[in-house]
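Heads up: the sequence lines are chains F and P, in that order.
Using numbering that gives the first Met the number 0, you'd call the opening residue of the first sequence number 0 and step up by one each time.
Using numbering that gives the first Met the number 0, you'd call the opening residue of the second sequence number 0 and step up by one each time.
Just so you know, these hints were derived from the structure itself, not from any lab.
Check before you lean on any hint, since a few could be wrong.
[What the hints assert, rightly or not] In silico negatives: residues of chain P with every beta carbon more than 12 Å from chain F:
#1 Glu2
#2 Ala4
#3 Thr11
#4 Arg19
#5 Gly25
#6 Pro32
#7 Ala48
#8 Ala49
#9 Gln52
#10 Gly73
[What the hints assert, rightly or not] Each pair of labels, with its calculated beta carbon distance range:
#11 Ala119(F) x Glu57(P): 32 to 40 Å
#12 Gly28(F) x Glu70(P): 25 to 33 Å
#13 Glu57(P) x Arg101(F): 44 to 52 Å
#14 Gly25(P) x Gly330(F): 54 to 62 Å
#15 Ser266(F) x Gly25(P): 20 to 28 Å
#16 Gly25(P) x His225(F): 37 to 45 Å
#17 Thr364(F) x Glu57(P): 49 to 57 Å
#18 Arg35(P) x Leu21(F): 46 to 54 Å
#19 Gly25(P) x Gly86(F): 36 to 44 Å
Small disclaimer: the values here were computed from a predicted structure and weren't measured.
Beta carbons are placed, not taken as given, at the ideal position from N, Cα and C, and that holds for glycine.
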Amino acid sequence: MIYLDNAATSWPKPDCVPEAMLHFLREVGASPGRSGHRLALEAERVRLDAREAVAALFGAPDPMRVVFTLNATTALNIVARGLLSPGAHVLTTGIEHNAVLRPLRALEQCGVVVDMVPSARDGTVEVAAVEDNVGPRTQLLVVNHASNVCGTVLPIRAIGEVARRHGVAFAVDAAQTGGCWPIDVEADHVDLLVFSGHKGLLGPTGTGGLVLGRGFHAERLPALVHGGTGSRSEDEHQPDFLPDKYEAGTPNIVGLAGLLAAVRYVSARGVEAIRAEEQALTQRLIDGLMGIPGVRVVGTGKAQLQTAVVSFTLDGHSVSQVALALDEQFGVLCRPGLHCAPRAHQTLGTAPQGTLRLSPGPFTTTDEIDRAVEAVRQLAGRRTDG
Amino acid sequence: MAEFAVILFHSTSHAVYAERVLRRAGLAVKMIPTPRHLSSDCGSAVRIAASDQAASLEALGAAGVVFDRVERLG
Ligand SMILES: Cc1ncc(COP(=O)(O)O)c(C=O)c1O
C-alpha cells in the first residue's frame, strides 16, 4: 500500500505517537485543569509540554498563547466569528479551504463584507494586489499559507507586512504547512496562526489550535465556546485570560499527549530537513506525472514553490474512477475531487470535476513515488470509466 | 517550622507553568492544593520557601507568568 493522502491526514505516524497516547491512557488518564490531584497535575504538565513544543516550533515566545482546539476548523471559526461584526470587511484569497470560506460566507449573511484577492491560475497571489484591496473597514486578512489542492505557498511574511502597515489583524491558515514549512509567528507578522495537529505535525486527529502573536490583544477576540475550564469556578462568566478563555470543555488530552510526541519528533528531525526531503519527492512526482501523455499538473510545477501536494487531471478519465483504480489495482491511496476547496479549484481552472491529489509525507520513499507514477501511466493507457 | 509562601493562580495552566519556570530557575517548589482559607480560584497552588519569594517573583515576571497573589503560610 502506498499512502499518498498526507494532505488530508498524515500517516503513518512516528511510533512515538501511539506509544505516548497509550502511555497516557494507561498511566495518567486524568483531565487537566480540573482536580488538583497528582494525575490531574501530570496531565496539565503534558499539556504544558505540548504548548511549549508548539510554541518553539512556530517561534512563539509564550506557551500560554498557544490554545488547543479539536482541529484547525474550530480555530478558524474562533478567529472569523470573534473578529468580524456586521459592517466589517474581511479580505481573503482565491485558494482558500472551506474551513475559511464557510465561516466567512455565514458571516456575510450577517452583514460582513467578504472580498477575495485575485489569485493567479497557479494559485500565487501578488502582495501588491493584497494591499490594493485593504480598505478603511478591513478588520481581518486571512490567508491560506499553502493550498491543500496544489501546494502553492503564499509569501506570508510580505503579506503580514501589509497587514501590519494597515493595522489589520493577520490570520494564517497553516493547516498545510505546520511541520513541513518554516513558520515564525513574530518574524512573519502573524497575529493568529491556525494549525492542524494531524497533518504535517504528525499528531493524531482531534488536535489543532491557535497561536496568538505577541502583539495581538486577546481582548479583541471573544471566546466562541463558553463553559467549564476548571479555573474561576465561582464565576459564571467565561475567564478572560489565556489560554483558558478559548479552551472550555474537557480537552482531547490523549490526543495532545500524542501531539507532544509528534512535535518533538518533527523538531528533532527538523522542519528544514523534512522540507528538503519532501521537495525532492515532490519534484520527482511532478516530473514523472508530466511525462505521461494526457496528464495536466496544476499549480506552479516547481517543487521549491510548494508543499508536497500534487494535483493533476488525466484527459479522458474521471478523477474518481482513476482514484478507485489506483486504490484497488495498485494500492495507491489518494484523494480525488474538490478537496473541500471549490474556490481553489475555480482559481486553478479545475472546477467542477476537480483533480486527483497525491500528497507524499515524511515517510514516503522515492520508490513509492516511482510506483505511483507508473500506476498512473498504466491507467492513462486504459479505460477507467467501465 | 520553616516559613513558606504560597503563590496563587487563576488557572492550573498558569500554576503548572509557574512550577516549570521556577524549577528551571533552580528553585525548590511544591504543588499543593490551594488552602481553603486563601482562595477558591484554582485548585492548585505553588509552595515555595519564604526566603525564595523575591527570586521566585522575579523569575515569574521574567517569563511573563501570570499569577493572582502571594500569601505567607505560617
Ligand atoms: C488549508 C486547510 N485549511 C483548513 C483545513 C481544516 O483542517 P481540520 O480538518 O484540521 O479542521 C484543512 C484540512 O482539512 C486544510 O487543508
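Consistency of the hints with the structure:
no. : hint                             : in the structure
1   : Glu2                             : holds, 23 Å
2   : Ala4                             : holds, 18 Å
3   : Thr11                            : violated, 5 Å
4   : Arg19                            : violated, 6 Å
5   : Gly25                            : holds, 18 Å
6   : Pro32                            : violated, 5 Å
7   : Ala48                            : holds, 20 Å
8   : Ala49                            : holds, 22 Å
9   : Gln52                            : holds, 22 Å
10  : Gly73                            : holds, 22 Å
11  : Ala119(F) x Glu57(P): 32 to 40 Å : violated, 53 Å
12  : Gly28(F) x Glu70(P): 25 to 33 Å  : holds, 32 Å
13  : Glu57(P) x Arg101(F): 44 to 52 Å : holds, 48 Å
14  : Gly25(P) x Gly330(F): 54 to 62 Å : holds, 55 Å
15  : Ser266(F) x Gly25(P): 20 to 28 Å : holds, 25 Å
16  : Gly25(P) x His225(F): 37 to 45 Å : holds, 40 Å
17  : Thr364(F) x Glu57(P): 49 to 57 Å : holds, 52 Å
18  : Arg35(P) x Leu21(F): 46 to 54 Å  : violated, 37 Å
19  : Gly25(P) x Gly86(F): 36 to 44 Å  : violated, 54 Å
In the structure shown, a violation is registered for the earlier hints numbered 3, 4, 6, 11, 18 and 19, in ascending order.
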